[in-house]
Amino acid sequence: MTEPTPNPAQQQLIENTDGIYVVDAGAGTGKTFAITHRYAEIVDQPAVEPEDVLLVTFTRSAATEMKERIVDHSTYSLRELADGSIQTFHSHCFDILQEHGYRAPTHLGLDERITGSTRVVEDELVENELFREFIDQFRDTHPGYADVFRALSAPLELLDVVSELASKGVFPTTEGWYRDGETALDGDFDAFKSLFDDVNQPRNDGRKQSRLRSKLNRYGRNKTYLPEAPAKAELRGDGTKQVPARVTELVFDEDREGLKAFIHDVYIEYLDFALGRNYLTFGFLQLFAFVLLCEDDVLRERVAYDYVMVDEFQDTSEIQFKLALLLAGTDNICVVGDWKQSIYSFQYADVDNIREFEARLDRFTDDLDEERERIQFEVDEIERIELTENYRSTQTVLDFSEEALVVPATDRDDVDDSVLNDVVSLSSNATFDNTTIEGVHDPDEHEAVLSTIQDVVGNEEYAVEDEDGHQRTPTYGDIAILTRTRDFGRELLTVADEYDFPMAYDGGIELFRTDQAKLLLAWLRILEADADRGWAVVLEQAGYVLDEIDHILNTGDYPANIATFRDELDERAAVGAVARAVFDRYGFSGEYADVILHTIQSVHESSTLTRGDLIRFIERGIENGSTHDVFTSAGVDSVTVQTIHSAKGLEYPIVVLANMNSGKFPPNGGGSSVIQYSEPVGLRQRKQYATVAEHPHVYDNWRHDVVRHCLSRDNDEERRLLYVAITRAESHVLFTGGEDPNTFFEELPCPTREADPTVETVDRTATAQTQLPFSIVQPDGPTGHTPHTLMDSNVFANDGTETEAVEFRGRDFGSRIHDFAEAYALGEDVTPAIDDADDERHVKAFLDSLPGELHVEERAVLPLEVDDERVTISGIVDLVHETPTEIEIIDFKTDRTRRGQPEYRKQLSAYYHVLLECFPDKTVTTSLFYTAEGEREFIEPLSQDRLRDLVRSVSMREQERN
DNA sequence: TTAAATCCCGCCTCC
DNA sequence: CGGGATTTAA
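Per UniProt numbering, residue 1 is the first one in the first sequence, and the count goes up by one each step.
No lab work stands behind these hints: they were computed from the structure. These numbers were taken from a predicted model, which means no experiment stands behind them. The beta carbon of each residue, even a glycine, is placed where N, CA and C say it ideally should be. There could be a bad hint or two in this list.
No more than 27 angstroms apart at the CA atoms, straight line, and that leaves these computed lysine-lysine pairs for DSSO-like [said to hold, decoys possible]: (1) K208 - K232; (2) K844 - K922; (3) K844 - K893; (4) K208 - K193; (5) K893 - K922; (6) K260 - K208; (7) K193 - K241; (8) K168 - K232; (9) K215 - K193; (10) K241 - K168; (11) K260 - K193; (12) K260 - K241; (13) K193 - K168; (14) K208 - K168.
Quick list of simulated restraints, FRET-style, between CB atoms [what the hints assert, rightly or not]: (15) L420 - R302: 40 to 50 angstroms; (16) D111 - E65: 33 to 43 angstroms; (17) Y102 - D945: 45 to 55 angstroms; (18) N429 - N217: 53 to 63 angstroms; (19) D296 - P244: 44 to 54 angstroms; (20) E754 - F189: 53 to 63 angstroms; (21) E460 - K922: 45 to 55 angstroms; (22) N217 - D111: 51 to 61 angstroms; (23) N217 - D550: 51 to 61 angstroms; (24) D238 - T752: 40 to 50 angstroms; (25) P8 - E51: 48 to 58 angstroms; (26) S61 - L226: 47 to 57 angstroms; (27) Q944 - T485: 38 to 48 angstroms; (28) E461 - F189: 38 to 48 angstroms.
Could you build all of it, start to finish, from the sequences and the hints given here?
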């Protein structure tokens, strides 16, 4: 986006820095732009420094982006902001605890301390593992709770309860509950009654029974209650269309002391366990920071900020709202968000934080001021600002997105149209509006998606606008496929592979179901128990056929080289070292292996992990299909596949919303915690047995079987999800539906059509050179480049003036700093204003320090012979620096915190070998230059053999997919 | 014809 | 475990 001047609404937000503001910033309204300018405006006041201003973002990457953008607008440099307070709630809490948290646990009566070595467990799998360990030990040391445990089918769900309570600000102390925590657990009868009455209204003018009564038809099905439980007939009443009113009290009044005591003990002892093990979870970071700020008035006043801004406020939880208040030293509070994009309730986000901001602010302030005044300012004057000008989408897309908020999710869904009253309509500033919105269906939805894309790419009817405002036909890179589930995305990727479609998946993979993990598991089993099923996998991998494997297993006569490797492994004590050795042997060095190693390493650090533990850990990982984030790159011009959740905040010219299928969007039900906490009702216990007939346990919580029908969730969040997906689109929105498209697909007010049934394989040889940063392209492709032909075609001597070099840049590739470096290296005029920014200064100083010639934005293709097959690795680097004796490959990165070092290394290595061949008389080196730090890091290139291994492991992955 | 009961099917999103 | 489809009851 070019940097425009703020529009009036943005200007209002930027200029009004004092007082309480709630900003309704709809999708694409230049929210980041406005916030960063506002931040700059605040810190550019003489009396204000960055450390006086707290800017909370929701993700780390958002924080990084904010910082980068702020540098553009203010006199501060990235380094000066680095210590400032632009970060997530979690990292901010972490910082507070690091500095002042030593005694924080004592406020809950705990003796443990938070120290500089206390770690944060981020990996969910690791956290689960630790909790499991805790709960096993808890069970042993509390025989009194044996009955409760007997009824708990999945103890891990206790962790959910603890996390949810922590997110709502309900904490235990060694003596009882922190502050008024117990009130929340007991619930609010009046609130419950109103929910109960709502679902208990007779329908059709009294001719039809209430929803609740209807639901209770299932009461007791496949269950056996304790004798004192009421009979079904008693609950449902007779001769009336309603459940009798007295049932309200009947179900609410329950002696929950035992259950509360149980949860309390689990909760407080888990806190103690975590501290004892020297770790904190995300939730506990906030818990202890909150307690600390609540208890220590002097500290609170010291760490409080003059200005507080919270971005993505619709994603905040109750405790985060309160933390923001505690961290505000004045009433200069600004929250920015869009309730229509609140889709993280499963992460305890509470949409009412923004929708009912005023009421909640009052309530939370009163709450925090209960014992003594903690919030030292008035909260009665609240200003609302609405950003209504949209810089992303066409008006047609914007109008359509509102429809999503009221579209029925099921046939009988009675949608509350009144939400539209709360929608601040947006107006587009797009010059063109040739928007197409349509549904495409085909029995095979994967193919429907591919054929739709095929239809769109290069098609004038789906023209998109380029940066200069010109219309052009779309390319693959313009398209994002947004899905609700990761599974669908990965299935799609497999099908795309068959047609050689350029498609990149961005999200989680089932890490432990990969070949890498399976082989590691096999070796661990061999080491641990000489297990046949371990050997079978290893032997099969080594190329032995079934008969041979049988024979070897029977005789125990293992091939010498494998047996030797076994002995070598056996000598390694640490499981991490075993894993590394296994991956080295098989040449597994890709993203998957890296992430596996990293995960193992983090479990290892957090507990004393034996081989047996690791085996069980991987087995559980395989069972649960637990996922870890990876990014599979497929070149610059490729379609992106993402879940809607992960696409939030992004934008694409064309959005294909897939998998609106089988009548199941949304899917059924909500979570099914064994023990459920909910605001008005309090803590409830549910114990369920799938097959009571086989296991004649007694199900004693009949109350919950009534109550849960009063807590049914509506489909609003599903509609908001749809809204988020649509508003990602700049120009066109397409829906695909499979065999049995759901209600959303059918009810959305747009035309639908049949998909073109033929999908053609894509010829990607034409784009082979645009692979980034590392991948396999057509073997022996027609490009036929050798390093020498590249030399001949003058690629290395490219002075950057050829248009080819410029048009090659992808949408996100040319960041400010690259542009700067390029312009400077080419001796162009560089505007003086930019001299103030650290990054530019660093780059400039660096470039000045280099003697010899600079070549900007180079690319190369390295052909490799791998197993008699010729493959090509291609890479692009930002800069090549050449002197008579040396040639250096340099790539710019902003800082070291970014992920992807292994990828950079591959990319640089591919290039390294090309140059090595081209310039036999020169020394070739590879380095990364961190612009924010002004430092150059030399990178050891991978050997050609290592690259070959990489190619092999990637080929294996490809085969695995097919 | 309408309401109530029962049968049938598939099970997410992630800091 | 809920929603839609189907069957049964009135």
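Each hint, compared with the structure:
1. K208 - K232: It holds: about 19 angstroms lies between the C-alpha atoms, which stays within 27 angstroms.
2. K844 - K922: holds, 25 angstroms
3. K844 - K893: holds, 14 angstroms
4. K208 - K193: Given that 27 angstroms is the threshold and the Cα spacing comes to 21 angstroms, the pair holds.
5. K893 - K922: Satisfied, since the Cα-Cα distance of roughly 25 angstroms is no more than 27 angstroms.
6. K260 - K208: Violated. K260 to K208 sits at ~39 angstroms, over the 27 angstroms cutoff.
7. K193 - K241: holds, 18 angstroms
8. K168 - K232: violated, 34 angstroms
9. K215 - K193: Distance of about 17 angstroms is within 27 angstroms: holds.
10. K241 - K168: Cα-Cα ~37 angstroms, so violated.
11. K260 - K193: holds, 22 angstroms
12. K260 - K241: violated, 35 angstroms
13. K193 - K168: holds, 22 angstroms
14. K208 - K168: Answer violated: K208 to K168 is near 38 angstroms, above 27 angstroms.
15. L420 - R302: 40 to 50 angstroms: holds, 46 angstroms
16. D111 - E65: 33 to 43 angstroms: holds, 42 angstroms
17. Y102 - D945: 45 to 55 angstroms: holds, 51 angstroms
18. N429 - N217: 53 to 63 angstroms: holds, 54 angstroms
19. D296 - P244: 44 to 54 angstroms: holds, 51 angstroms
20. E754 - F189: 53 to 63 angstroms: For F189 against E754, whose Cβ atoms are near 55 angstroms apart, the range 53 to 63 angstroms holds.
21. E460 - K922: 45 to 55 angstroms: For K922 against E460, whose Cβ atoms are near 49 angstroms apart, the range 45 to 55 angstroms holds.
22. N217 - D111: 51 to 61 angstroms: holds, 52 angstroms
23. N217 - D550: 51 to 61 angstroms: At 56 angstroms between Cβs, range holds.
24. D238 - T752: 40 to 50 angstroms: holds, 48 angstroms
25. P8 - E51: 48 to 58 angstroms: violated, 31 angstroms
26. S61 - L226: 47 to 57 angstroms: holds, 52 angstroms
27. Q944 - T485: 38 to 48 angstroms: Cβ of Q944 to Cβ of T485: about 40 angstroms, so the range 38 to 48 angstroms holds.
28. E461 - F189: 38 to 48 angstroms: Given about 60 angstroms between the Cβ atoms, the range is violated.
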